[in-house]
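Chemist: As given, the protein sequences belong to chains A, B and C, one line each in that order. Under numbering that gives the first Met the number 0, the first residue of the first sequence carries the number 0, and numbering increases by one thereafter. Under numbering that gives the first Met the number 0, the first residue of the second sequence carries the number 0, and numbering increases by one thereafter. Under numbering that gives the first Met the number 0, the first residue of the third sequence carries the number 0, and numbering increases by one thereafter.
It is possible that some hints are incorrect.
Chain B side only, calculated, beta carbon under 8 Å to chain C, not exhaustive [to be verified]:
1) Gln153
2) Gly171
3) Arg173
4) Gly176
5) Pro196
6) Tyr224
7) Gly315
8) Leu319
9) Met322
10) Thr326
Since the hints were made in silico from the structure, they are not lab data. Using N, Cα and C, we set each Cβ at its ideal position, and we do this for glycine too.
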Amino acid sequence: MKASELARALGGTLEGEDVELVACGGLEEARPGDLSFCKDPKHVRLVETTRASAVLLPPEWDKGAPCSVIRVADPNHACMAAARIFAPPDPVRVPGVHPTAVVDPSVKLGANVHVGAFTVIEKGAVVGDNAVIEAQVFIGEGCTVGEGSHIYPQVTLREGTKLGRCVILHCGVRLGGDGYGYNTTFENGLPKIEKIPQLGNVELGDFVEIGSNTTIDRARIGRTYIGPHTKIDNLVQIGHNVKVAGYSGIIAQAGVAGSSQIGSGCLIWAQAGISGHIKIADGVQVGPQAGVPQSLDGSVKYVIGSPAESMKDFGGRVLLPKMLAKTRAEVKAIREQLAAK
Amino acid sequence: MKASELARALGGTLEGEDVELVACGGLEEARPGDLSFCKDPKHVRLVETTRASAVLLPPEWDKGAPCSVIRVADPNHACMAAARIFAPPDPVRVPGVHPTAVVDPSVKLGANVHVGAFTVIEKGAVVGDNAVIEAQVFIGEGCTVGEGSHIYPQVTLREGTKLGRCVILHCGVRLGGDGYGYNTTFENGLPKIEKIPQLGNVELGDFVEIGSNTTIDRARIGRTYIGPHTKIDNLVQIGHNVKVAGYSGIIAQAGVAGSSQIGSGCLIWAQAGISGHIKIADGVQVGPQAGVPQSLDGSVKYVIGSPAESMKDFGGRVLLPKMLAKTRAEVKAIREQLAAK
Amino acid sequence: MKASELARALGGTLEGEDVELVACGGLEEARPGDLSFCKDPKHVRLVETTRASAVLLPPEWDKGAPCSVIRVADPNHACMAAARIFAPPDPVRVPGVHPTAVVDPSVKLGANVHVGAFTVIEKGAVVGDNAVIEAQVFIGEGCTVGEGSHIYPQVTLREGTKLGRCVILHCGVRLGGDGYGYNTTFENGLPKIEKIPQLGNVELGDFVEIGSNTTIDRARIGRTYIGPHTKIDNLVQIGHNVKVAGYSGIIAQAGVAGSSQIGSGCLIWAQAGISGHIKIADGVQVGPQAGVPQSLDGSVKYVIGSPAESMKDFGGRVLLPKMLAKTRAEVKAIREQLAAK
Numbered sequence: 000m001k002a003s004e005l006a007r008a009l010g011g012t013l014e015g016e017d018v019e020l021v022a023c024g025g026l027e028e029a030r031p032g033d034l035s036f037c038k039d040p041k042h043v044r045l046v047e048t049t050r051a052s053a054v055l056l057p058p059e060w061d062k063g064a065p066c067s068v069i070r071v072a073d074p075n076h077a078c079m080a081a082a083r084i085f086a087p088p089d090p091v092r093v094p095g096v097h098p099t100a101v102v103d104p105s106v107k108l109g110a111n112v113h114v115g116a117f118t119v120i121e122k123g124a125v126v127g128d129n130a131v132i133e134a135q136v137f138i139g140e141g142c143t144v145g146e147g148s149h150i151y152p153q154v155t156l157r158e159g160t161k162l163g164r165c166v167i168l169h170c171g172v173r174l175g176g177d178g179y180g181y182n183t184t185f186e187n188g189l190p191k192i193e194k195i196p197q198l199g200n201v202e203l204g205d206f207v208e209i210g211s212n213t214t215i216d217r218a219r220i221g222r223t224y225i226g227p228h229t230k231i232d233n234l235v236q237i238g239h240n241v242k243v244a245g246y247s248g249i250i251a252q253a254g255v256a257g258s259s260q261i262g263s264g265c266l267i268w269a270q271a272g273i274s275g276h277i278k279i280a281d282g283v284q285v286g287p288q289a290g291v292p293q294s295l296d297g298s299v300k301y302v303i304g305s306p307a308e309s310m311k312d313f314g315g316r317v318l319l320p321k322m323l324a325k326t327r328a329e330v331k332a333i334r335e336q337l338a339a340k
Numbered sequence: 000m001k002a003s004e005l006a007r008a009l010g011g012t013l014e015g016e017d018v019e020l021v022a023c024g025g026l027e028e029a030r031p032g033d034l035s036f037c038k039d040p041k042h043v044r045l046v047e048t049t050r051a052s053a054v055l056l057p058p059e060w061d062k063g064a065p066c067s068v069i070r071v072a073d074p075n076h077a078c079m080a081a082a083r084i085f086a087p088p089d090p091v092r093v094p095g096v097h098p099t100a101v102v103d104p105s106v107k108l109g110a111n112v113h114v115g116a117f118t119v120i121e122k123g124a125v126v127g128d129n130a131v132i133e134a135q136v137f138i139g140e141g142c143t144v145g146e147g148s149h150i151y152p153q154v155t156l157r158e159g160t161k162l163g164r165c166v167i168l169h170c171g172v173r174l175g176g177d178g179y180g181y182n183t184t185f186e187n188g189l190p191k192i193e194k195i196p197q198l199g200n201v202e203l204g205d206f207v208e209i210g211s212n213t214t215i216d217r218a219r220i221g222r223t224y225i226g227p228h229t230k231i232d233n234l235v236q237i238g239h240n241v242k243v244a245g246y247s248g249i250i251a252q253a254g255v256a257g258s259s260q261i262g263s264g265c266l267i268w269a270q271a272g273i274s275g276h277i278k279i280a281d282g283v284q285v286g287p288q289a290g291v292p293q294s295l296d297g298s299v300k301y302v303i304g305s306p307a308e309s310m311k312d313f314g315g316r317v318l319l320p321k322m323l324a325k326t327r328a329e330v331k332a333i334r335e336q337l338a339a340k
Numbered sequence: 000m001k002a003s004e005l006a007r008a009l010g011g012t013l014e015g016e017d018v019e020l021v022a023c024g025g026l027e028e029a030r031p032g033d034l035s036f037c038k039d040p041k042h043v044r045l046v047e048t049t050r051a052s053a054v055l056l057p058p059e060w061d062k063g064a065p066c067s068v069i070r071v072a073d074p075n076h077a078c079m080a081a082a083r084i085f086a087p088p089d090p091v092r093v094p095g096v097h098p099t100a101v102v103d104p105s106v107k108l109g110a111n112v113h114v115g116a117f118t119v120i121e122k123g124a125v126v127g128d129n130a131v132i133e134a135q136v137f138i139g140e141g142c143t144v145g146e147g148s149h150i151y152p153q154v155t156l157r158e159g160t161k162l163g164r165c166v167i168l169h170c171g172v173r174l175g176g177d178g179y180g181y182n183t184t185f186e187n188g189l190p191k192i193e194k195i196p197q198l199g200n201v202e203l204g205d206f207v208e209i210g211s212n213t214t215i216d217r218a219r220i221g222r223t224y225i226g227p228h229t230k231i232d233n234l235v236q237i238g239h240n241v242k243v244a245g246y247s248g249i250i251a252q253a254g255v256a257g258s259s260q261i262g263s264g265c266l267i268w269a270q271a272g273i274s275g276h277i278k279i280a281d282g283v284q285v286g287p288q289a290g291v292p293q294s295l296d297g298s299v300k301y302v303i304g305s306p307a308e309s310m311k312d313f314g315g316r317v318l319l320p321k322m323l324a325k326t327r328a329e330v331k332a333i334r335e336q337l338a339a340k
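Only chain A is shown next, with the shape it has when bound in the complex (with noise of 0.2 Å):
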């Protein structure tokens, strides 16, 4: 697209070449055919040295730029609207069951339901109005997948799992394996390991977004939950029986251990780990690669490191070295202090 006409599009007025361009970048990225956008001047070293075909500018930038500029108001929000003009439009997913889909007869398909190929749904499922089950993806008996719905390629869900309305599974979601579960008894001295049968399910609330190959475990008994509006990342570990309040996050990586409670409005930041059977109260945030060993009641808001503490704990051990080698310099000090008597 000419500069010129995405400038008009995005209501703002070119100044240099009338370049072609293709997509956009950020400033240090950006490649020829590039658009990238700058609104503060502190950044004027990136916009020096960018390689991209024109830059978004707000008014009052007076310091130039090596390539072509489109001035805008608001430089970031225009970037993210020319995104979208040089985005190819959303693959379109036409309501119909692709002829090569198996579909059990006594499945119940809503209205405008689009089945990919190779998709494969058991008995007794149900599919809500206007969902997209796209290509290769497994819906085992019984499955209840909410109307608005999306299931990207290659998810399955095992028996029994509910979803919400507008539920958003990303590639290679697993939903409903077995729960890690085992006895081991010892006959003769050898240990004897049995398989608790995993009997329960998985339900995922309204508008809760799951990312790629993330696993929730089905419940032992009773329900592995997810609340409406939490928003999961990619390889994230839910173990069985954990219950997930609404509006809460967790990003990739982290996990969270059987039969524990996460509130309302947490987030758990990447690579953390819930140990198993504790709660964790509403709006706490775990940050990165904490360990929770116990419930966390919300006296404090944000818990770090493993075993996790508060910010000033934690900081207070990273500052250890420092403490330790003053006060070991006092004892020095006062030992020749003494010596010298």
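Position chains B and C relative to chain A; hints supplied.
Modeler: Here is chains B and C on its own, set in the frame of chain A:
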């Protein structure tokens, strides 16, 4: 199911309204329609506030309940029995090959084998009697699936993988991917990275169970081996040439780097990491998020922290800030004492 | 294969019984039928106790062996050669499209491309010459697969993903999933969470290899980019808008949060975490389980710990308990000295 009917099935007595029950659930998360349970009077508050429609209580319970009660000798045991009654029957996997499956003519299928829709089984594979291979599975050339094994949807076994009897593989398990191995050389100062051929395979002993989206890489030469009765949770990484002896457990998101050996009866807790080329002695437990940089000879039975240490050393480390604060106070007192002289 | 035949193939000499050999294996894990190898006399105990049926030994070895011996100049090298001989040939992927594959008529397939069973390739995708796309793969609209690339079963490429030449993607890799991004606002005290459109894509340079079940999210705008010759292990998470320069390595279960930049020739070890919006300079190594909260300028070449620090600082921290104990003993001695006066 009516509470009265369930009480009869469990050998208990109904007190209160003959409500309709649909599922089991813990006291806190139960919903109307749920049956919950309580054994211990110390949880009386949870009973008082439960939303369950009925609760299983022991004969000696004299604290009442806000809902119907089913009296039974052992509430925990009765709840498991009730969960079995509520649970829909497991999906039936009728012996036979789904007409859409692509099974090479050279494949040897045992008696009563189930092969699901869109599953691919390549040349020379052998599948034992009564094995269940669900939909959308990929089984590469020359693989062996032992009798009675159960492979859930969307598992991949790369060529040459061998499963013992009664192995369970949950959705998204990846066995036999190439191990991570490269030779880097420099030519005229430029790096040249060559892939090291990964010529071995993966072998799993009898009764091994592997959780969703776990990955186990094929050996560079020889075998990556998981011994009998070892149970691995979700999202675990097992590097090439690792050996895990029998009867061990590896919990979610833990990782074992290449060529390491885990003994028998070990337990590697969630998010722990085991370095490459080391040995963990029989019966050792590695705590959650621990990092083990060198071999553990079994003289310490439980390690924790990164780098991993004994519980005593770890506890000491956790107490360091307090101990240092005390020492600093003492030093301050000494200085003041000396200054006053 | 007979040991005598193998000895000939390896240019070595057989000593002892002409046993049948079926595979290679390390001294400790070898089974009857295996060929093992030893170069260094310090491992004589492992040779004495191996269960291998034959062992490759160097000419100067004079300590005997409990099995047949094949004398060769370089046992390690000979064992790799033997492993190649034992390994079944790689599965042949004949050029052509499997009749079950669903390939949109608009897709451009290069010469000698293999497309496996149940694979879906959507509108406008382009696949280069000699590419192998195995069974059950999903390739979304407008994707590009470079020539000579190899995509193993059950990989998903969301729309717009671009792969360079000779890229290898192992089973379960997820490219182009939506990045984790939401705007939270409050209306009348209630949170409202809106999904931020993820309008960019994922691009991989030439010779990139990605391990099983690794996830790389599409950019919010622009591109998430992995440079040429970068090798990523299993179960790694790469957030949206991350840039990894060429010739770097990222080991299993590590994670890189959104918009961060990893330099050239970096090595991110297993389970490490890199925060969002930071830069790791060329050639820096981040140790296993390390957590990097801020940019690393390359003045320290290896960091470890969480928060990450130099090996010296980390070692000092590990030694803290000992140093504090020593300091406390000194303070105690001073107090006693003062009390005695």
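Chemist: Any CB of chain C closer than 8 Å to the CB of Pro196 of chain B?
Modeler: holds (7 Å)
Chemist: Would the hint on Tyr224 of chain B stand, with a C-beta cut-off of 8 Å toward chain C?
Modeler: holds (7 Å)
Chemist: Closer than 8 Å between Cβ atoms is the bar; does Met322 of chain B clear it against chain C? Give me holds or violated.
Modeler: holds (6 Å)
Chemist: Would you check whether Thr326 of chain B satisfies its interface hint, that is, whether its CB is within less than 8 Å of any CB in chain C?
Modeler: holds (5 Å)
Chemist: Let's test the interface hint: is any C-beta of chain C closer than 8 Å to that of Leu319 of chain B?
Modeler: holds (6 Å)
Chemist: Is the hint on Gly315 of chain B kept, meaning its closest Cβ partner in chain C is under 8 Å away?
Modeler: holds (5 Å)
Chemist: Quick one, is the Gly176 of chain B hint okay against chain C at 8 Å, beta carbons?
Modeler: Holds. Min distance 4 Å.
Chemist: Holds or violated: the hint that Arg173 of chain B contacts chain C, with Cβ atoms closer than 8 Å.
Modeler: Nearest chain C Cβ about 4 Å off; hint holds.
Chemist: Would the hint on Gly171 of chain B stand, with a C-beta cut-off of 8 Å toward chain C?
Modeler: holds (6 Å)
Chemist: Per the CB criterion, is Gln153 of chain B less than 8 Å away from chain C?
Modeler: holds (6 Å)
Comparing the model with each earlier hint shows no violations; every hint is respected.
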